[in-house]
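Chemist: Letter by letter, the chains look like this.
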Amino acid sequence: MAVEIVMPKLGWTMEEGILVEWIKQDGDVVQPGDILFTVESDKALNEVESFEAGILRIPPDSDAVGNALPVGALLAYIVQPGEAPPFETASTMPVGSRHAAPEFAALAGTRQGEIDLTRTTHASSLQTALQGDLPTISPRARRVAAELGVDWVALRGSGRTGRIVERDVRAAALATSQEPHPPTPSPYTERESKGVRSGLTEMPVAQTRETLIEGIAVSTQPSTSISLTTEADATELVSLHDRIQAAWRNGRQPAPTFDDLLAKLVTEALKVTPLLHARLEDGTFTIMNLGMYEIDAFTPAMSVSQSAILGIGRVIAKQIVIDAEKERVAIRQMMSLSLTCDSQSVDVESAARFLQIVKQYVEQPVLWLVNLP
Amino acid sequence: MRELTFTAAAREALTEEMARDPSIFVVGEGIGQRGGNFNTTSGLYDLYGPMRLRDTPIVERGFIGMCTGAAMTGTRPIVDFMFVDFILDAMGELINQVAKIQYMSSGRLKMPLILRGSIGITGASATHHSGSYFPMFVNIPGFRVVVPTNAYDAKGLFKTALRGDDPVIFLEHKSLLNSKAQVPEEEYFIPFGQAAVVREGSAATVVAVGSMVRKALEACDALAAEGIAIEVIDPRTLAPLDIPTILASVHKTGRLLIMDETFQPCGIGAEIAAQVVAQGFDDLDAPIMRLNGVYTPTPYSPPLEAAVIPNPTQVLQAIRDLLAE
Amino acid sequence: MNYLALYRQMLEIRRTEEHLAKAHQAGMIPGACHTYVGQEAIATGVCAHLTHDDAVFSTHRGHGHALAKGVPPREVMAELFGRVTGCSRGRGGSMHLFAPEVGMMGTSGIVGPCILQATGAGYSARLLNKGTVGVAFFGDGASNNGAFHEGLNLAAIWDLPVIFVCENNLYATEVPFSYATRNTDMAERASTYGMNAVSVDGNDVLAVYAAAGEGIRRARAGEGPTFLDCKTYRTRAHAEGMPSLGTYRTQEELDAWKARDPITTYRAHLVSEGIASEDEFAQIEREVVAMVEESFEFAKSSPYPDPATVAEHVYSDG
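Residue numbers (our numbering), protein chains in the order written: chain A, 1 to 373; chain B, 1 to 325; chain C, 1 to 318.
Calculated directly from the structure, the hints in this document are not laboratory data.
The model shown is predicted, which means the values in this text are computed figures rather than measured ones.
For each residue, glycine too, the CB sits at the ideal point set by N, CA and C.
Among the hints, a few may not be true.
Heads up, incomplete: computed chain C residues facing chain B, CB under 7 Å, no partners named [said to hold, decoys possible]:
{"id": "1", "residue": "V111"}
{"id": "2", "residue": "G131"}
{"id": "3", "residue": "L154"}
Partial pick of chain A residues on the chain B-facing surface, computed with a CB cut under 8 Å [claimed, not checked]:
{"id": "4", "residue": "L134"}
{"id": "5", "residue": "T136"}
{"id": "6", "residue": "R140"}
{"id": "7", "residue": "A141"}
{"id": "8", "residue": "R160"}
{"id": "9", "residue": "E166"}
{"id": "10", "residue": "R170"}
{"id": "11", "residue": "A171"}
{"id": "12", "residue": "A255"}
Given the sequences, and given the hints that come with them, work out the whole structure.
Modeler: Pasting the structure below:
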């Protein structure tokens, strides 16, 4: 039976090598210990011995010499007298194309792909949190203030550095009856200023901090609009949101909301779809989230001034097939995405590509957190 | 109830367990007929003879490596190392072998090896007889690290160590060896990973390690006279570390100070602080503070030696500073 | 005296190592691989006297010791492939082979500790009157390490039942023994600790068998430790992927030692003495090759360990 000769692993870290020269040639008789070929790896030249006795058969169309090939790449065969090598028989795999240890590559890839989400998000957002001009307060005092309904922003702290501590909050609670404290505006996206519902985020495509509030035009959807719908696995995004909320309890400003994350995500998706971006240059991109009304999916209506609108359905746990072959299912947090665009300014392919990226970003927030396409 | 010294209580635990389990043997320098530099084994040689009270040449790496092999083959060795500084010669055996054998054998080998001996800065012991080093051991997966602070705990924790199958670093502070406490006649065990709340209070929590427990209690007496009630926790074992007890206390007090004679960087205080911040952040009403010995080798001359360990004034001030935060 | 059992054991080690070397080249072994090719007579000759209650401690070149002590080739191969069916359940690899159920108490990536741990096994044997021995296998490179001197001294002063087997293959990685010590007479160095020390041709399995037998008899009889200075040579590189000659060996030296291959010379000896026939050897060859190939397939098709188990067994309670 033909024995495969592959690119050997020489040393602990070698992943690929260059086949410099065949010492034995196609058709040569080889014995165990004979030098078959030389390999260059890590700037060192190595001689590779044969373990086998037989006849070396190198495929005539092999372009292996001089090229960097991964460890395990098939180079040749050793056959017994009278035996034909596989490349002279039925259909064969192209020489030089195969990797002998795919499992290791897969495992290594997984490990490299891991990124500490908490650290990434926390570091970038902490700066924003530190820009505020509120008094310092201990975590415990903040917690007690929330429990007692004390507005601590106006308090004077008795801690060493003027920090508001628990005793200050308790004293304030005793001293006055409490006025309810208006919620602090989110510094991440401006909205809610003209009666627009929470959950509706509009932003200019060019990403200035101004928000254009146009209102929703009813039944003015242009006849030329296109609508695309897909479903995304939002488990990771929900988890990210939860982790941010948990990590934020000390922040002086409210943590980014789920809608803030969606707005950021869509902004990043627009950056990597320049075609769509350019065609929307003059218009407004709107995100409408009706999840809080238990809407599963919808086709958002577009106003004339809008170029595109992304409808977000509610996040709901569903049973999803994750591996049909092995009949494996899992409970995942699913969310519908509906994109409506003006077909005069956006072609359907660009819109589809954009929606696919949004779906990927929802499913793998790490992709946009680190600004990778 | 009778009173025993720390050393006598630990020796009583050893005597009971050696009578019960013939696979226990002790190795060390001068632990045979001499009975140990700190009287850890006095009287035992006459009971159990040279195979079980094995005087060694001065070869710490050698006998620790030997005891590693013994622990893998059915016996329970106790290395009586006298001063913890001496076993630094055996760090390779300890970290590469002792701590890893159970894991590398996927639990099919046990490592019932006890390393016991003195730690701590006291008595002009100078730089090769004053070390503690327990943060290094806590950092290594596989070790149990025990730091008893009184006779009662010393016996109960030593008994637990002698019945377990994990390697235990059992560290006895020299300044505590003659301290007395009530020790019951009847058998008892203190589980690892269970801190003791040695004084209850509500104004702040002090976690004190080793010799600092006594100093913390003295400072708390002074503060009690002013009507300030401080809670003092003795972790007793540093690996495993009883974080829930500390968290519960901080939940009550909102303030935490960790006192430890050993060096501050990457020390046990850093670990406790990090865990409390992670799990008890909303309970904190002040920054977590630490009080440690000075980051320097231990000098000999008494005024210099006194300057490297926290003194009563510093302990009291550290608690007052925490309360003022 | 079962001559063919010794032959079969050596051949099992050789064929397993050859499979592992090939697998390493093919990228199937994610880490290191130090083969025992050329030194098979030593593990075989010593372990033939041992039971599963005797404790063997070994070093980074330990595949042969594990196999000779009774670890099945499939478990050694699976371990090097990082599979859960490996003797260390995928936690060890080439340098950390554990199989306490057969008395293989571990190979080590650190040179020296095995000498001390075998001494400790000797201590347990004496304290518990087990009648067993501790055995340390190590190379010439270990003999300049403190553990060598500390372990030999402790075993000698307490008359412990320990066999110290030095496999002097002339090079510590690529450092010649003659460079690393002024006195290259290993038996003489060991005897200064006051123990029985003998030199033996490490490529002659019968010579190793005889010397080890006497040492183990003495140890079990309470006559103290024995040091075996076994002169041998590894005919493959220090580790797979490294050059077999490098800057430190010559082709002439390698060829001379290959001509003294412990397996072929033993086979020739048995034939010339009329102890066994070529037919018997052919039969053994077929059986060993079949078993090793079955082991290879087993290892290759075994699952990887579950990452969820990564923190298990750090402590005895989990």
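Chemist: Taking the numbered hints from earlier one at a time, note which ones the structure violates and give those numbers from smallest to largest.
Modeler: The structure conflicts with hints 1, 2, 4, 5, 10, 11, 12, although it agrees with all the remaining ones.
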